[in-house]
Amino acid sequence: MMRPFLSFTLAALLASSAALAAESEALPPPDLEWSFEGPLGLYDRDAMRRGLKIYREVCASCHSIGLLRYRDLRALGYTESEVKEIAGQYEVPAGPDPAGNTVDASGNLLTRPATPADAFVAPFANANAAKAANNGKVPPDLSLIAKSRISGPDYLVALLTGYGEPPAGTELAPGASYNLYFPGHQIAMPPPLSPGQVQYEDGPEATVAQMSTDVSHFLMWAAEPKLEERKNLGLKVMGYLAVLFVLMIAVKRRVWRDVH
Amino acid sequence: MTAHNPASPPFRNPVIRWVDYRLPVFTFMRDHLGDYQTPKNLSYMWNFGSLAGIALVVMILTGIFLAMHYQPNVNGAFASVERIMRDVNYGWLIRYLHMNGASMFFLVVYLHTFRGLYYGSYKAPREVLWMLGVLILFTMMPTAFLGYVLVWGQQSFWAATVITSMVTAVPFVGEPIVEWLWGGFAVDNPTLNRFFALHYLMPFVIVGIIAIHLWALHMHRSNNPTGVEPKGPEDTIAFHPYFTVKDLLGVAAFLIVYLGFVFFAPNFFTEPDNYIPADPLVTPHQIVPEWYLLPFYTVLRAIPHKLTGVIAMVAAIAILFLMPWLDRSPVKSARFRPLYRMFFWIFLLDCLILGYLGAQTAEEPYVTAGQIATFYYFAHFLIIVPAVSRFEKTKPVPESISVDVAAREGRRPRRGVGTKKKEEVA
Ligand code: HEM
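Protein sequence lines, in the order shown, are assigned to chains A and B. The opening residue of the first sequence carries number 1 in my numbering; numbering runs sequentially from there. The opening residue of the second sequence carries number 1 in my numbering; numbering runs sequentially from there.
If we strip away everything but chain A, and leave its shape as in the complex, we get (with noise of 0.2 Å):
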């Protein structure tokens, strides 16, 4: 019973199908300038701020980013006060009363508002939701999208700004749209961005190419939410390894001095 279907997925997963790569062929993303590039750079607060507020405006209503907590949001500036407040907006299921209940009268979990300490709430309860909601597709959790695609923020930034008109002669499938980045084209999200639908309380305009940038800023942040702290202990040990190394080839040469 067991082995034609052995045999198939290893052949099947061996060959990873020529087909299969020819039909997906996306473009590749435009290379773009991040601040947070190179053995120096680092996030650029202001922009991940505004990305912030696309996703709790837009994406949230579809995708969830569970590896985030409310009280991670200080990274973005944000004083404990302002966690608080953000996070008590959402509602989390508030676990059994002093009485044992979950539920109340007429059967609904029972909820309180979310603190600091909350994972991100999720859009939907559950994947079957997610993909009833989603023309059959459940949308991704996005708290590693930035890490889990090649060339993760260009390639962010380019699928939403991706959507065109698909070629004459393309079939889209049902509550499909035609994007030149995503593998295959078709994707089942919507455009979600249109000029103008955040509104940026300073800063710049809320084109469609700013308000990606932007929101793929801070999924880079949730994705590598320790970089900064990376790069700032890699300087000084490289600095005390560079100062090492140089002792050591000194120490190399006059202890070798009487080798022949």
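No wet-lab data here; the hints were simulated from the structure. Do not take every clue at face value.
[To be verified] In silico EDC-like pairs for lysine to aspartate or glutamate, Cα to Cα no more than 16 Å straight-line:
id, chain 1, residue 1, chain 2, residue 2
1, A, 226, A, 44
2, B, 231, B, 399
3, A, 226, B, 87
4, A, 147, A, 46
5, A, 84, A, 97
6, A, 53, A, 72
7, A, 137, B, 279
8, A, 53, A, 205
9, B, 231, B, 404
10, A, 226, B, 82
11, A, 131, A, 141
12, A, 147, B, 327
13, A, 84, A, 44
14, A, 53, A, 201
15, A, 252, B, 404
16, B, 393, B, 327
17, A, 231, A, 44
18, A, 147, B, 273
This structure is a prediction, so every number in the text was calculated from the model and none was measured.
Since the structure of chain A is already known, use the hints to place chain B with the ligand on it.
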């Protein structure tokens, strides 16, 4: 092991003398780390052994700290790795050290092995030493593979599925064996649990093999760039301080490279989609092993017949065991073997090509190229090396290490400098 050097003076510190009389650890250290006589002409290619040892220690230390926070459970594994990255103090550092440490470990071990192939370090009387090295390589590969599965990302899961499914190629009993390996009918929670147990165990097996590897090393000591065995005290110097210092210089250089990746490009060696949690229902676009396994992956895929492919892949490593007997040339070092030297570099290139092809999709021209490169790989061992060793006209070999060193420095050999220095130190 080397006999205690009766000429070395007794220890001056009475406590050390007391302990050493009962348990000669200090004598052991002096004989094997201090006075231990080493060819004086070793190049920097001889640094990779100590670097491999350091890499292994780093892997074990970081691994133990990871294991304190890791959950070997299909529902919690991926999230626990991310918790290490985000919430554990310096967890990101520990995890990136472990992740990139595996690449560095393979890098130095591969350089160490090619060094051996170039200088004929596998030849008598070092055959057993060489074979223990190949055994270490053999053990490292499943260890790293098991570790990669623990992350439980998309590549982890599908690599586990592909690699374990290879066992079904074994006639008749393949299928029961693979189900036994999985602990079920697919890669699942029992698989992850046992992979964690084995991933924790195998590095300590490697430690054991390394101990024996070093035992064999200290029996006949290091080979050297001339391939000529030391003839007298003028050819060798004490391990300490000469090679302790030189090895530490190597460590400093190694750390710059290793930590350069850890701090500034920690995801350089990984597949991005291993940051997607494992999903048995979604096959990734391409399943690629880590870079250090790519050449063997190409060998596996080059052969259309499943069982033969698996055998070829194992044979690709196992054939190294036979190197001492495939190469009959009495001259060790490729420095004096022009023909072997040329084929050595072609072979190295072939290995790099095999690695490159391992990362490509299974379509033309990669498939044919993979088959040619695989054929050449085996031809190198089975045809070229034996033939070259028979027909090659080698260049004259220097009379001794010190004669060679002097000739290269353009002067007449000195006598006994190494011994003098050793006495000064002791
Ligand atoms: C020969 C030495 C070792 C090698 C080559 C090795 C290799 C690896 C590799 C390649 C990974 C996947 C890294 C990633 O992509 O994140 C890994 C993960 C892991 N290893 Fe090891 N390892 C070694 C020793 C150890 C030891 C001794 C332990 C435990 C005591 C350990 C515990 C772990 C754990 C818990 C993980 C999963 C967490 C993670 O991926 O960061 N490893 N190992």
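> Can you name, in rising order, the numbers of the hints this structure does not satisfy?
Replying inline: Hint check: 4, 5, 12, 13 and 15 fail, others pass.
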